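Add chain B with the ligands to chain A, keeping to what the hints say.
Order-wise, the sequence lines are chains A and B. Mapping of the first sequence onto the numbering used here: position 276 corresponds to residue 276, and the numbering continues sequentially without gaps. Position in the second sequence (from 1) plus 398 gives the number in the numbering used here.
Hints are computed from structural coordinates only; laboratory data are not their basis. A couple of the hints might just be wrong.
[What the hints assert, rightly or not] Below, simulated PhoX-like cross-link-like pairs (lysine-lysine); rule was C-alpha separation at most 25 Å, straight line: (1) Lys529(B) / Lys431(B); (2) Lys384(A) / Lys498(B); (3) Lys462(B) / Lys431(B); (4) Lys516(B) / Lys2(A); (5) Lys516(B) / Lys536(B); (6) Lys475(B) / Lys385(A); (7) Lys2(A) / Lys536(B); (8) Lys143(A) / Lys104(A); (9) Lys18(A) / Lys498(B); (10) Lys385(A) / Lys18(A); (11) Lys475(B) / Lys384(A); (12) Lys535(B) / Lys498(B).
Because the structure is a prediction, the values reported are computed rather than measured.
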Amino acid sequence: MKLSESFAMAVRSILSSKMRTFLTMLGIIIGIASVMVIVGLGNGMQNYMEEMFQSMGTNTLTVSLFGRGSNRSAGEEEMYEIVAENSQYLSQVSPTVSIQGAVKIGAETSDYTSVTGVSEDYFHMMGYTVSQGRGLQYIDVEKRLNVCVVGEYVNHTYYDGNAVGQLIRIGSQQYAIVGVMTQESDTLEERTTDDSVFLPYSSAAARLEGGEPTSYLVTLTDERYAAQGKAAVEDALYDIYGSDSAYYVMSMTEILDLMTDMLNVMITILAAIAAISLVVGGIGIMNIMLVSVTERTREIGIRKALGAKERTILLQFVIEAATTSAIGGVIGIAVGYGLSSLATMLVVALLETSMAVTPSADSIAMAFGVSAAIGVLFGYLPAKKAAQLNPIDALRYE
Amino acid sequence: MEPLIVFDHVCKFYQMGEETVRAADEISFTIGKGEFVAIVGRSGSGKSTCMNIIGCLDVPTSGKYLLQGRDVGQMDKNELAETRNHLLGFIFQQYNLLPKLSVMENVEVPLMYAGVPKAERRRRAEEVLEKVGLADKKRHRPNQLSGGQQQRVSIARALAGDPAVILADEPTGALDSRTSRDVLAMLQQLHREGRTVVLITHDNSIAITAPRIIRLEDGKVVYDGPARGKGALVTHEEVAV
Ligand SMILES: Nc1ncnc2c1ncn2[C@@H]1O[C@H](COP(=O)(O)OP(=O)(O)OP(=O)(O)O)[C@@H](O)[C@H]1O
Ligand SMILES: [Mg+2]
Chain A
1 MKLSESFAMA VRSILSSKMR TFLTMLGIII GIASVMVIVG LGNGMQNYME EMFQSMGTNT
61 LTVSLFGRGS NRSAGEEEMY EIVAENSQYL SQVSPTVSIQ GAVKIGAETS DYTSVTGVSE
121 DYFHMMGYTV SQGRGLQYID VEKRLNVCVV GEYVNHTYYD GNAVGQLIRI GSQQYAIVGV
181 MTQESDTLEE RTTDDSVFLP YSSAAARLEG GEPTSYLVTL TDERYAAQGK AAVEDALYDI
241 YGSDSAYYVM SMTEILDLMT DMLNVMITIL AAIAAISLVV GGIGIMNIML VSVTERTREI
301 GIRKALGAKE RTILLQFVIE AATTSAIGGV IGIAVGYGLS SLATMLVVAL LETSMAVTPS
361 ADSIAMAFGV SAAIGVLFGY LPAKKAAQLN PIDALRYE
Chain B
399 MEPLIVFDHV CKFYQMGEET VRAADEISFT IGKGEFVAIV GRSGSGKSTC MNIIGCLDVP
459 TSGKYLLQGR DVGQMDKNEL AETRNHLLGF IFQQYNLLPK LSVMENVEVP LMYAGVPKAE
519 RRRRAEEVLE KVGLADKKRH RPNQLSGGQQ QRVSIARALA GDPAVILADE PTGALDSRTS
579 RDVLAMLQQL HREGRTVVLI THDNSIAITA PRIIRLEDGK VVYDGPARGK GALVTHEEVA
639 V
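If we strip away everything but chain A, and leave its shape as in the complex, we get (with noise of 0.2 Å):
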């Protein structure tokens, strides 16, 4: 008997009686659907979480140096060096220091407005450019002049889009503002990128207590380089001050990888607990089996009588209980796709961000291969029992 007959004669079976294999495909429709569900909402917030950590950089490294634990010190000049002494890993490096005090412009305060001292090179790092006026060059580090590149939301809200030339006060000190950077959000708003000020990291650092840069921004010649470059830079601040506590290098991949490792962890934990109702729906199916297959005694008989081998009664018995689980399987996928997308737009409703529940090819096939799986493991006990019959007690069954 070939095997397409076989199948052919399980679907007819499957389908004599379809609220029973409706409800036998329950538990694996459920199971399947709130795995892919899961694995779903997995990849949407490593997705999510991928783009966030792209737009801070991901080919970046963070240096903070505290000199704790040491009476040595490193300054802009050993950072600069250490970047050209790996400059295989390491590409640019700028001092980022961070200014607290109020911006007035004029009579008016800008509570949030983020002002930051930075080298000439700062701006190529990270991708922006100068719509208006110049950006901040070498000169006006090195004579620690009192020049500005202000944000288009300092420029528009402020100035009216006319800030180059304009003046603005940062504690107590005026500075020109030379310069306008292009808008980097969609949309204008406080306390994003557009709401900030870039100094001359000189001129800010001169405000500082130790008059020195403490925290660095360094560009990677790749982001596959993430490990060796922080490595680089790791070992050369400790060869300066012998110590580990005294500096800190941190990398968004890194953090981006710790994020993702836990990440999976979790959902690999939420998957398992998910696909626990695909065993009960496997269970399901292996009662059912086991009532079909004492109701068709007499089938089994017959059939029996008629020549059908062990071999043959077993394998029809199983492949209806795979069809009737792969079917399940299918019909789980396409919940779990409804769902997966009802869950997207509940997640942009909700929380307002652009997160997608989107499950993956992978997933998917994953999910009909066990489903199939299922059916086989879960069909096999009661297709035994039903092969095994003895052919006159199944003739004589009522």
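Chain B with the ligands alone, transformed into the frame defined by chain A:
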């Protein structure tokens, strides 16, 4: 005559608690190729037990059963299934058709297990349905047919695989006397065509038409000979049922 079915001291015992039921007790006979044999006897005398052993549905407790010279006791389950499929055609009192399949598909079942390709199966099924006069009912479900028609479907099914032996356990038991005669006529036709037919019946009017009668009593053969012989048929046997 070439021996087809040879029973050599065949026994079938059932253990019912303390008691041993001797359903078949040292039964020996030989049925030749092309014979028409009626097995008769009171209810519980062991007719069906005998028939099930002949049909390879059951195995003897002891003794030897040779079918076409092969020892059935030595066959494994697969060989038994193949033997049932190729050599034997069953006709049951309760028809035993598969209710979810059409008449045509029912007839095709033994051919399917024999691995006959679909087109050939169709052709042979139609042929045998034609023979039993049910070609026009091939798309019906069994429960849409009368008892007599269902029994004719089961005859067609028994014939489909072109078996050497037709085994019929009370094929007319559930039919009225007119329909019974039709079924009997069909079995006689098969016999004329050269097939071996073994028939179990309670009905003397049917048994009397068989050239050879085997009478069982308490699992033993008490008569084996022509239907007209003394002790072949006991009157009012049905009353004993
Ligand atoms: N599976 C079984 N377990 C126990 N005893 C059995 C079994 N099958 C048959 N018997 C016993 O064996 C004996 C012969 O039974 P069998 O069915 O062969 O009789 P029969 O001649 O076909 O009767 P009937 O004309 O009523 O069909 C009976 O006494 C019956 O009770
Ligand atoms: Mg009987």
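Practice prompt. Sort out which numbered hints this structure fails and list those numbers smallest first.
Written response: none
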